[in-house]
Amino acid sequence: MTTIDTLAQKVEAGERLSGAEALELYRHAPLHRLGRLADRVRARKHPEGIVTYIIDRNVNYTNVCVAKCSFCAFYREVGAADGYVLGFDEIFRKIDETIAVGGVQLLLQGGHNPDLPLTWYEDLFRAVKERYPAFKLHALSPPEVIHLSRLSRLPVPQVVDRLVAAGLDSIPGGGAEILVDRVRKLLHCYGKATADEWLGVMRHAHRAGLRTTATMMYGTVETDEERIEHMLRLRDLQDETGGFTAFITWSFQPSHTELGGQEATGVDYLRTLALARLVLDNFDNLQASWVTQGGKVGQLSLAFGANDMGSVMIEENVVRAAGAAYCMDEVEIVRNIEDAGFVPRRRTMHYELLGGPVFRERDVPRMLNLAQARREGDRSVPAELVNYPARSRAGRQQREGQRSDA
Amino acid sequence: MDVLAEIARRVEADERLSDEDAYELMSTHDIVGLAGLADEARRRRHGRRTTFVRVLDVGLTGPLPGVVSAGELRLSGTPATLDSAIARVRQLRSVAGDVPVSGFDLSDLDALAADEGLPLRTLLERLQEAGLELVAEAPVDALAEPRAAIEAVNMAGLTLARLVLRTVPRDGLVHVLRDVASLQRAVGVLRTFQPLPRRLQPQAPTTGYADTRQVALARLLVDNIESIQVDWGLYGPKLAQFALAAGADDVDGVAAGAGPRGGDAGDEVRRQIAAAGLEPHERTGRFDAVPA
Ligand code: SF4
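Residue numbers (our numbering), protein chains in the order written: chain A, 131 to 536; chain B, 724 to 1015.
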């Protein structure tokens, strides 16, 4: 019996893998063997054969960011001509469009903009909840929360509590990249959040009763061991709090980034996903990243451990900035789920089932392209920004200009 | 699961699969299991060896492209007349050096022969005399008489580069694949078969499962054609790379020179093949190895 056979038996028996065992499987298990093992575990956790998805909209409220991660093609520097902040009205319009196609939440993330104070977020969240009481805000990844904590000089728990009081429902697991500080320093994202800080925000959020997701962006400078260390750190926190609802992994998209290089291949994605299903034995849900892998490998993810097709998205700006532009609306997601032999079900962020496809209940417009945050060349500045103090010089000048125009 | 294991035993023993087996595989949702079976069959024949060819596509009109290193210069498009086709082949041949010139879709040439009032074989001989070495593709589902057409290619002193499917088979994949295997038993000259449809339908694209199933079943049911091929340019690196783990062993349509995202497309294909745990080997359109 080979080592791989022994490890496969261990997985089949529901036993936990160590880091060294995970590394052995990742490096040496044949692709099909790894996939089928992950599929067994998926089937054990989800014996009813349901594959879920959520209808929500991925909105990036600003692209202005002081973090300057070397793998990011999305951000613009403070004062850049094509830097933007979305106005409350623009966000309301996006929510209206989301609700029209059966959407239930916004995934709201953005750059670390020094000119948006905590009160801007609180006012936005309150305004959203006032207009759309049942609509959910899955918002602000841990590095954004840390940024707000630094900007407002308030401890993270207090920032989270204030955001929750204003309407925050859950926290997306963005900004995790690889939770190993050696990697974070090389990617220039150590400053925005160290591995411990990222986990610390999630720990607090879970203790405060929020559920969150966890992510991993691989394929930059990390070693195989570091990819696995990332998974183990998430597994440990999940043992401690049980607060993660899902894990999502995707490959670094190199186009237009400072880091550059080549994208990890589709087979590497499937191996990494399958390994995550085996290592993260305390996570119920793994999402397929069709937005980075395309619809075909996205669908094949369902045979490599994923049980969720993620979000219909409606809008996407970050991955698009790095060159990938895949789109799947609800019709397409459902077609892929059914073609793979599963039953499609809409869900919430908490994985509560909402029902079958919306387009089978009523007419919804087909969506053949993902929307963008703003139309190309739209340089408008939201009127309400004038009410919020700006930290940067460029921000202060812009506010002054707004005041004198008024 | 048990059914698949039983079929796997037969694949391992090199036994021919029954129609019942084929329909079982056709309907399974265990796509990784199916891909694994096809991979097993592919490895018995080719091991980890994975070939690819860099192709420079050349249109039927306009200036000839600059010289780049390629394994095949391929004329693409439907010729309006035999004379224009001959002229273009001659033109390309004169700059091709020792790189083979391929071109045309055999069903288009069949239609052209009818228009010109010539037997297909005569038309093919005229193209061969002008310098054509390979007919680029023969769509088995678009040819009225595939066997006769392929024999005409052979008799004219040309090579058929690949047998292809133009569209997703309407009469059922198993049936079509069985026909392809019979065709090869009759003609014996087919080197590669490309089972994924050449015509894409952007409004209703095939799925990852469907493409994988089609490639895997081609490997398992068309066991008398040496190579199962996937088109890199047409299907993209993600699906094409996975197809190499589902029975395909040869990659067509790798751009000569820079790929769509810059960088040498040949280097990128080598990287992708290696990342799938396979060994990349470049070949020419004549199926000769290109020294590394
Ligand atoms: S990844 Fe986020 S934090 Fe980093 S530069 Fe981009 S927008 Fe800023």
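Possibly wrong hints are sitting among the right ones.
Chain B side only, calculated, beta carbon under 8 Å to chain A, not exhaustive [unchecked claim]: (1) Gly820; (2) Leu962; (3) Gly1000.
For the record, the hints were derived by calculation from the structure and aren't laboratory data. Using N, Cα and C, we set each Cβ at its ideal position, and we do this for glycine too.
Okay, the hints, checked on the actual structure:
{"no.": "1", "hint": "Gly820", "in the structure": "31 Å, violated"}
{"no.": "2", "hint": "Leu962", "in the structure": "5 Å, holds"}
{"no.": "3", "hint": "Gly1000", "in the structure": "7 Å, holds"}
When held up to the earlier numbered hints, the structure conflicts with hint 1 and nothing else.
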